[in-house]
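Asker: Each chain, written out:
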Amino acid sequence: MTATEALLDRRGGLRDRVARLERMLEIRALEDRVQALFSEGLVHGTTHTAQGQEAVAVGVAAATRPTDVVTCTYRGHAVALALGLTVEDVLGEIMGRTIGSVGGVGGSMHLCEPDVGLLPTFAIVGAGIPVAVGAGLSAQLRGGDDIAVAVFGDGATNIGAFHEGLNLAAIWQLPVLFVCEHNVYGEYSRFDLTTPVADVSVRGASYAIPSATVDGQDVDVVVAAVEEAVTAIRAGGGPRFLEFKTYRYAGHSRSDTAPYRPEGEMELWRERDPIDRFTERLLSEDALDAAAADAMAARVAARVDEAVETVKASPVPDAEAMFRHVYAPNRSR
Amino acid sequence: MTATEALLDRRGGLRDRVARLERMLEIRALEDRVQALFSEGLVHGTTHTAQGQEAVAVGVAAATRPTDVVTCTYRGHAVALALGLTVEDVLGEIMGRTIGSVGGVGGSMHLCEPDVGLLPTFAIVGAGIPVAVGAGLSAQLRGGDDIAVAVFGDGATNIGAFHEGLNLAAIWQLPVLFVCEHNVYGEYSRFDLTTPVADVSVRGASYAIPSATVDGQDVDVVVAAVEEAVTAIRAGGGPRFLEFKTYRYAGHSRSDTAPYRPEGEMELWRERDPIDRFTERLLSEDALDAAAADAMAARVAARVDEAVETVKASPVPDAEAMFRHVYAPNRSR
Amino acid sequence: MAKLRMRQAIVAALADEMERDGSVIVFGEDVAAAGGPFKTSEGLLERFGRARVRDTPISETGFLGAGLGAAVTGLRPVVEIMFIEFLGVALDMLSTEAAKFRYLSGGKLSVPLVVRASAGSGLGFGAQHSQTLETWLYATPGLKLAVASGPRTAYGLLRAAVQDDNPVVVLEPRPLYGEREEVETGDAAVIPLGQANLCATGDDVTIVGLGQTVGTALRAAESAGWTADVIDLQTLLPWDRDTVFASVARTGRLVVVEESPRTGGWGTEIAAAVAGECFGDLTAPVTRITAPDVPVPFPPELEARYLPGPDYVRAQIDTLLDSGRLPVPWWETEGLGA
Amino acid sequence: MAKLRMRQAIVAALADEMERDGSVIVFGEDVAAAGGPFKTSEGLLERFGRARVRDTPISETGFLGAGLGAAVTGLRPVVEIMFIEFLGVALDMLSTEAAKFRYLSGGKLSVPLVVRASAGSGLGFGAQHSQTLETWLYATPGLKLAVASGPRTAYGLLRAAVQDDNPVVVLEPRPLYGEREEVETGDAAVIPLGQANLCATGDDVTIVGLGQTVGTALRAAESAGWTADVIDLQTLLPWDRDTVFASVARTGRLVVVEESPRTGGWGTEIAAAVAGECFGDLTAPVTRITAPDVPVPFPPELEARYLPGPDYVRAQIDTLLDSGRLPVPWWETEGLGA
Ligand SMILES: Cc1ncc(C[n+]2csc(CCOP(=O)(O)OP(=O)(O)O)c2C)c(N)n1
Ligand SMILES: Cc1ncc(C[n+]2csc(CCOP(=O)(O)OP(=O)(O)O)c2C)c(N)n1
Ligand SMILES: [Mg+2]
Ligand SMILES: [Mg+2]
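Residue numbers (our numbering), protein chains in the order written: chain Y, 35 to 367; chain V, 35 to 367; chain P, 173 to 510; chain E, 173 to 510.
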């Protein structure tokens, strides 16, 4: 299997609901490990993890295909893994090693894998939104029924790029799905301190874009909502906007201990943990038994352990790496 | 009377409905004259006139006061005259003479008169919107019940600054009135080619800002709508958004002959001409008689003629003028 | 060969590239139905259709971002920013995203995005619509920047830009849109990015111009008591160090003629590099002839003084050559400015 | 005098100005309740209240524009742009509006607006959060630009900026927020804008630094076989030509140490001006020691090479003084780069 085939295989595997659970576990395990590696001084710089948001990432990936193009933010590890990137691709980048998805020069905020549709992730809030619109334009002109997906946070709905991107997609009736991961906070600010509406999906009306607010902690619900929207988009119905209510368990970034959370809020969300809920459902449906669940957990833990070792053994890029890929060589036409 | 007193007097005069008509006539006469002066080669550069939009400008000015701060666009002659600037202030700037409101260095797109609340007009679409929000912040911190007013076009509602400005005003509950002059076109594009909603006032819901769409061709209606909104704002009710449906008779700018207008559209709007309608109403109410109306028209024509001569006689700024006011001298505190 | 106005040369370049490559698309404010605010896309909608020639809302971040997204997914967009100042609401998409996207994709993506923008003073557009602003784009590894100096270079540089697999900004000096010149079209007329053009040769001084100032420099040299190498830089990022250095090695003197303000204008890069690399060759101080450090004034009389004209350039170079000393700009002579 | 970290010095400057003038207000993303992403406004909310210390939505155009609107209507806002790159979505408000507003009001308004932004590499923030970007702000008549080099200058420059009636950008090198130094506070510690600081004196060379590179230059000079005037420029717009020229007149050699990329970095202005104005004094080529023309790489090992360090600066100056020739940057020596 080539590297590309392996990625596509990981992506395609998400057709299976049990595999979705495993991917969610993998995301959780990697994110936890990233935080631990930070404490050990093995990870440098900053990082933004997405524990708690796994259902949105996996649901979006499961309901789209690798020829759909995705833009995503600096909080991108979960989406990247869901789309098919391997733990090594992601952790390699976080640790700045050549094995990372862009060869280690990007870092935690900059993942990319066009083979499964992931454009370079954006460290500038909102910037990925118009870029997805452009990918939707390509899809429209190419014909076929590929789409583009923009994944962004609740805080991003207050920046101009959101407004301009949605408007443009609506005017050109482009095949774009806008996905807001409404995780309650933009950095250290609760969304209601910066956003005067409770559901940002109401903003779709400004562009006549059909929009909905959806539970982001239930992967089945996420998949269903995305499938419905994507079907409409692929049929030429123009853009859609889905807001998923979710929650991040970790602080905004490495250094944030999240003292701003109201008491009890975390506990409420933990009760709706997307992994716990989905595990229970699969168990109750007999789609999974306890032994398989244990085996899955062990498999994921082993995979992450192994990836950590592989990445540690991967070289730091040499100085030449920083001069590579600044410019594309001129093509000969 | 000092120059400032004269300006305030012109502004205050708008309490009288007949004076509103005269101001509308003055605007129309000046704008027509500006276009003629262009053809004669006496005006340089570009200019954006507002024939047809007089009721919005005069209505907004009549229902606010000189301590309210106003931001406005490059299509600013009408608003400036309505707020109290003299024909010489405006034409002087358009012709680049020292008598102009900023000494001639600005040109048609850059008028300013803080004495009646007008900040430098903006040649960048949308830029005045957040700036008005900041003026609203000053008003809020100062106490009292002054407000800020942002005047912008329909096309400006597609730029990020619109979105960010309205959101910020809503979050901080600032005393700001957003006024959209919906004149059907943004440059050469009919609004429906760039804007997927018929009434941009629906966009207020994205920020929980009370909003309305209002007939902009009836100055009484404009005054009533602005008065209602302003009263609510002064009472601490936070921002409001009013969209006035209006029309520009001239092209976008000097060189535009507006070939893009659908047939018959201009005629429909001409039937609803704000000056004709208001003149008829005042006549039918006996607030004005035919002789007074004629005298008014003659007075306005004479005033504009005289202003043209005065401005022509005003010197071109010397080279030193371009070095003045680049930086403020440091204050001593 | 045909005599074309610069705006027509731009149309021709766009049409030739659109003809040659179906992935080239054009969008911006009023570029389609109206043929462009400066008529630089006239006829393209009729010829290439609504899918490939598009009007946009007033949303520079939105449509420049869309250009980037389209560029990395198979299209070759040419995006028009009507006045270079409007990049002020969208610079992020160019500098922070497009210019770094190939790097941040580990070389997996390339970004064949062209941004055309009109620039410069001389038409009475006032302080917010008359700048050149090259320095907003400087110090941006990953980006290329070319500036047209007339119909011929507008054609050749734009075609090269469209063919390039990197983000390229092409600035078009607004007062030159109506200028006419014999323009060869076709593949042979493509001007490779990164090459300067030696427009005139001489012995006493090397004059480097860009955009509008190339014509100024040529006119200044025409009736001067000295002879000059006049170099049209054509591309500012990357600029042609070899051509400039070789000329200075011969003449011993560098004069950069800029439309930008004195402080921090684009010529500082050229002057600094020459001062460093050609130190041994220099027989006179490197000289920048620039606009003053003021916003562009509106009145035609002042705007004409703002932009260095041929007579002023000639006189400044006279002073440099006669005295061997740095000429003093006119506003200092007149006791104006800070 | 007290030992303060740079972030504490910034808090102190803001607090002192807010105390002294009730019209000074502070806003930006997470500057109020959280005390600032870099803790540069810690305690201000508690001390000055919610009216004067405000958190904003993620809307740089919106709140920078609001800063301008507030500045021309009686307040003295200090606006935080968390990372200088975020100006890419809001540059219009600073360059095209704020910097020209006094001019376009015919002198009727002044714009006492301060924009603080963190800048620079060294902390592993990657290509979109590690630049200095001074050149976005260059060539902008009407604007002032200062750069802190440590706690003392952060305090003194920020206070001067708040007192200034013009729009002033103050850049704060992010890696220095934790640095400690004895800092005098109070009115006497205000550092006038436009004045450089001669931090060390010597005979062989004039080294000009800014922000992070001031410390680099001082460390380079410490154990060198030559002595140097080390100048902290402190303000880049307008920069202190007198101090630099006087030093070069004495030493005959200029070296500018920059964090910016080689092409078009801020040092081009200094190098070009010195090359022009001090031509007769120069005994060696003006030299810029810069980062390479690449996006800032993430891995600590590469980022450390990206930024010129003291040993490299010392070695480059050794070469300059020994050979009298322009030193070749490390990446050329190693055959890297274009
Ligand atoms: C234009 C811009 N402004 C500010 C920031 C700093 N910043 C990074 S993440 C963030 C919060 C974003 O919140 P949200 O969109 O809700 O996404 P989340 O982090 O919650 O996933 C901010 C303010 C930025 N990266 N870009
Ligand atoms: C950011 C920006 N983009 C584009 C322009 C060019 N432009 C000037 S006016 C205009 C149309 C604006 O339309 P609208 O907001 O409806 O105002 P109107 O001219 O109709 O009064 C455009 C596109 C500009 N000045 N600023
Ligand atoms: Mg969030
Ligand atoms: Mg309009």
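Certain hints may be false.
[What the hints assert, rightly or not] Only pairs whose alpha carbons sit at most 25 Å apart, straight line, appear in this in silico DSS-like list of lysine-lysine: (1) E:Lys175 <-> E:Lys211; (2) V:Lys346 <-> E:Lys280; (3) P:Lys175 <-> P:Lys211; (4) P:Lys175 <-> Y:Lys346.
It is worth saying that the hints were derived from the structure and are not from the lab.
Asker: All the hints need checking, so say for each whether the structure fits it.
Answerer: Hint by hint, here is what the structure shows:
no., hint, in the structure
1, E:Lys175 <-> E:Lys211, "holds, 17 Å"
2, V:Lys346 <-> E:Lys280, "holds, 24 Å"
3, P:Lys175 <-> P:Lys211, "holds, 17 Å"
4, P:Lys175 <-> Y:Lys346, "violated, 64 Å"
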